[in-house]
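Q: As you go down the protein sequences, you meet chains G, R, B and A in turn. Using our numbering, you'd call the opening residue of the first sequence number 1 and step up by one each time. Using our numbering, you'd call the opening residue of the second sequence number 1001 and step up by one each time. Using our numbering, you'd call the opening residue of the third sequence number 2001 and step up by one each time. Using our numbering, you'd call the opening residue of the fourth sequence number 3001 and step up by one each time.
To be clear, the hints were calculated from the coordinates, so they are not data collected in a lab. Since the structure is predicted, the reported quantities are computational estimates derived from the model, not experimental observations. Just so you know, even glycine gets a beta-carbon here, dropped at the ideal spot from N, CA and C. Incorrect hints may appear among the rest.
[As the list claims (entries may be wrong)] Some chain B residues judged to face chain G by a derived CB distance under 8 Å, without partners named:
id : residue
1  : Thr2035
2  : Gly2076
3  : Ala2078
4  : Asp2083
5  : Leu2085
6  : Pro2088
7  : Phe2099
8  : His2229
There are 4 protein chains.
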Amino acid sequence: MSTKTDQAIDEAARRTRNWGRWGEDDERGTLNFATPERIVAAARLVRTGRVFPLAIPFDQQGPQSGLHGRFNPIHGMAFDGGDQLPLPHGIGFADDTVFMPLQCATQWDALSHCFDRGRMYNGRDAREVSSLGARHNGIEKVAGCFAGRGVLLDVARSKGLDDLAPGTAIGEADLEGCITAQGDSARVGTGDFVLVRTGQMGRCLREGWGGFAGGDAPGLSFGTADWLHRKELAAIATDTWGMEVRPNELEDSFQPLHQVLLPNMGLHIGEIFDLEALATDCASDGVYEFFFVAPPLPITGAVGSPINPYAIK
Amino acid sequence: MSTKTDQAIDEAARRTRNWGRWGEDDERGTLNFATPERIVAAARLVRTGRVFPLAIPFDQQGPQSGLHGRFNPIHGMAFDGGDQLPLPHGIGFADDTVFMPLQCATQWDALSHCFDRGRMYNGRDAREVSSLGARHNGIEKVAGCFAGRGVLLDVARSKGLDDLAPGTAIGEADLEGCITAQGDSARVGTGDFVLVRTGQMGRCLREGWGGFAGGDAPGLSFGTADWLHRKELAAIATDTWGMEVRPNELEDSFQPLHQVLLPNMGLHIGEIFDLEALATDCASDGVYEFFFVAPPLPITGAVGSPINPYAIK
Amino acid sequence: MSTKTDQAIDEAARRTRNWGRWGEDDERGTLNFATPERIVAAARLVRTGRVFPLAIPFDQQGPQSGLHGRFNPIHGMAFDGGDQLPLPHGIGFADDTVFMPLQCATQWDALSHCFDRGRMYNGRDAREVSSLGARHNGIEKVAGCFAGRGVLLDVARSKGLDDLAPGTAIGEADLEGCITAQGDSARVGTGDFVLVRTGQMGRCLREGWGGFAGGDAPGLSFGTADWLHRKELAAIATDTWGMEVRPNELEDSFQPLHQVLLPNMGLHIGEIFDLEALATDCASDGVYEFFFVAPPLPITGAVGSPINPYAIK
Amino acid sequence: MSTKTDQAIDEAARRTRNWGRWGEDDERGTLNFATPERIVAAARLVRTGRVFPLAIPFDQQGPQSGLHGRFNPIHGMAFDGGDQLPLPHGIGFADDTVFMPLQCATQWDALSHCFDRGRMYNGRDAREVSSLGARHNGIEKVAGCFAGRGVLLDVARSKGLDDLAPGTAIGEADLEGCITAQGDSARVGTGDFVLVRTGQMGRCLREGWGGFAGGDAPGLSFGTADWLHRKELAAIATDTWGMEVRPNELEDSFQPLHQVLLPNMGLHIGEIFDLEALATDCASDGVYEFFFVAPPLPITGAVGSPINPYAIK
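Using the sequences plus the hints, can you model the full thing?
A: Listed below in structure tokens is the structure:
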């Protein structure tokens, strides 16, 4: 273990920790920033009625390769259109099932997904997340909290690139530069859901997933923790598998920005968002803000949820 | 088989059939009514920023009892907070999985869920829904289509009841009476998502599920097919397991309204919606309309999807 | 906690503990008693070639009711005989899947299934059984160990009963009485696989499972731990869900005989064996010994396995 | 379609078809050859008590790669040794689950696994295998039928090779040559379970699975159908994923020997057997016969079963 890395994580965690900020019983974290007033204002951003669903297809052609025990969704038919069920008057039915890791495709990380030295958000013991599920901080505790103003930060495009190279760390200057380049509609403030586009998914959709899941990736720099904290976002999401840059910047570390954001800041993280069509549209009309609605399935005790977020312009 | 029942289904199917209405290749059915213009107008209904998530909890305490092969969601931890994963610097993670019928809880029925004499929406062969999934009319084909104006028709409350008794058929007069009682905000028109409350779920949440899943229920009368067609709804949903009244009204029939609405009219059906909190709020402020967003998971070839719909007032 | 119960468990554990008996690295426990020589002798017991498969059907009509998170096997077709797969020359195929708890039906409990004060067989830490599976004492470590002499002890019949009442504790005297009643072929010795019939399953097969899974049951008395130790059995099995008598005899205890047998003695336990046809045959010819072969599926890191044991006479 | 291929399959099917041979209701096929008398004789082959379990490990490192929708077993813990369950007196438990294709690892193909022009064994309609499972010819119908004399035919070793190259067809002459080379104990007769070793699995265990599952492979020639019929085997098995040679010999065909053996002859097929340790032992003592016991899990309506066969010498 590197003392320097420990120290960097520890200091960032202390600077951005929101434990107790919304009460000792709080399980929502920064989603508390998405207040009713802000939701009303955000709904006014619907100007043309174009809906952009941001989920990738949930199927066997997905990005997972078995790493970290994650696999692509397994869909099965309980009965189908070829079965001759004994039903009257010519009616027929089909039913189906799915088996999937909640982290396999487009998803929210719940606040129970990541721990910092045995603790999760609001100081709770990591062991509250047992085989029986998460006693606290489960995704069902924020079932109704994912609506508000969304902002796309198309960092790749703002740099004139189709996609950022794996290993590219997106720092505070990059985010601010992107906002400046994109103009007024891209200003980021309290209670916003910010979607950062690296373009990596676009490349994968064109060329194949390759090592997308768990592999090297462009992503947020560890150094953005303070910016995320200062901006008082409701949640953050990217078009990569794991939000932060990989390989990680701190020596010998594994996803240190997760370690700061989820258990300390209480910031929900969205991953594997397909931002391609939305980004094209935003580049075309110059409007980077929209109404954002991304309801999780309230699976009791779950540490995440598959989602199909809507950006509505 | 009863000739009379066959005839009733056949005639209703012919009167309300939308095959070809939006082109031979269409897989969206009446969701085509939810146009961008209507979405813009619907977003203006967000006035207070209150969000009502309409999903029931997805867990082993759900309504399923094994009937029709349906069971409650099975959640498992891939790794949890008690595991001692070999990760550096005090970081820890939890991941999880779910196995569930797509029809087990709050859900959309896709247009490939039901067949009429071997055909599904737009005249396609039911055998296109094989063990490999639905080649057409799968839920992924309408991934971005579930946003628009929502209207709650609280039929139980409009009759001064906590809940309608199982077997109570809700007819056109009941729906129109409810609209009249609820006032202007409850007027129903083209492209609306209409949520009908019978109160049965409220009773189950208080008293236990009992025979909720697959059992007797209040619900829409077979006779409402023409009303639903005339109103040009985007989709219909209820707080019961199967939308229509059970036992079914036509002799020897099984879910005949499904047989008309899904394969013929191309109307998506929502089931097992928890409308209790929303209904209380609407009764309190007299406003029965809202922005409705209910994104399905785009599971490729699926004949339905679990959802957590948001009604945003 | 009752000091008396603690003391009883602790003393029995110490009297019967086999840690180190077959070396510090051993993961087989008493299966070590089933030596090649004994297997040769046991094979000689095949005299008529009648095979008795001892598994119950693995399907949705099984005994599980959701207690302890256990459910019945969920079988699904990946593709079936009605699908029109694009295969040449008239060939067709069907494939299928199963999702099941490894403890849902006829099964072996692995030595990693049960812990005594944080320890499992041979002194290993219970935390070696994490969400990633059992690092030691998993069922795959004894993949080839379940063959040898089998003996049926039909305790119910030896008492002139169809089945023992729930709550009936089978003590050492009952076992010895049964052996005496059944005669020479029922003598029990080192390396034997002993199958104890209470008749409870026979009653359930006639009358329905009711509370079979996890409910009150006849079964081995806590007091038989020493007899089982002295007899040097390879493994023990019963026709009940949990081998030992329920309610348990020791005050405030839960499955204390498991706590002695699995983590301390290292004795594998078989449960939910269907002994009905075998028992009828043994009663008819007076021969209670046979060749017993019950291979587990070598699921890596599993704490048990579904099985279909064969008693071959 | 090639008329020549059609004709070859059709003629072999007619020459070897066993429909009606054991009655119109029969669902056992050639397992009927494994009579009680032969089981008694086979048990006498247990001479040293060495048990060879023939299953590969059931885990994520298995051979499946997603082809044909097959994946490796997914093992999950329902609760584990790190959970702090509220149990008295220091007892703890772990439970687990598995989700797997029944065809993913060492397995029996049931007679409902393969169809010939819409028919399965004994003339039954393929559509009897619907999403609800196999109404006839399911694996549960032969739950107690897999015991008898086993014979290893180590074709690779008989040719002085570690393993046969993919695409190598093993013909009747190869089988007879192997028997002659191996000597008296390898003579094959009515009711035997014959295990054919190509060595391909040995190579995969040394070098990685690569394209093992569904890929090119050595295996039985289409021409062996008559030999298998004449020999009146109980069942056949190999150490490859699909028993017969791949690419298939007949033009434009897919697994034509399956098409003859399963639906016409009624011969169960075993696949992905690990014969390495057994083969080494047989080469060392020159004894190629043994008692063979391979109980399937009686999963109701299943078209196959995972197994852990025992060869007991």
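Q: May I ask you to test the interface hint for phenylalanine 2099/B with respect to chain G, counting a Cβ-Cβ separation under 8 Å as satisfied?
A: Holds: closest Cβ of chain G sits about 7 Å from phenylalanine 2099/B, inside 8 Å.
Q: Does alanine 2078/B pass the interface hint, meaning its C-beta sits closer than 8 Å to a C-beta of chain G?
A: Hint on alanine 2078/B: holds, closest Cβ of chain G at ~7 Å, below 8 Å.
Q: Under the criterion of a CB-CB separation shorter than 8 Å, is glycine 2076/B in contact with chain G as hinted?
A: 4 Å, holds
Q: Go through the hint on histidine 2229/B and say holds or violated, using the shortest Cβ distance to chain G against 8 Å.
A: It is violated, given that the least Cβ distance between histidine 2229/B and chain G is near 32 Å, above 8 Å.
Q: Threonine 2035/B was flagged as interface toward chain G. Is the shortest Cβ-Cβ separation under 8 Å?
A: 37 Å, violated
Q: Next item in the hint list is aspartate 2083/B. Is there a CB on chain G closer than 8 Å to its CB?
A: 6 Å, holds
Q: Under 8 Å, Cβ to Cβ, is where leucine 2085/B needs to be relative to chain G, so tell me if that hint holds or is violated.
A: 11 Å, violated
Q: Hint validation: proline 2088/B versus chain G, beta carbon distance must be below 8 Å. Holds or violated?
A: 20 Å, violated
The structure fails to meet hints 1, 5, 6, 8 from the earlier list, while all remaining hints are met.
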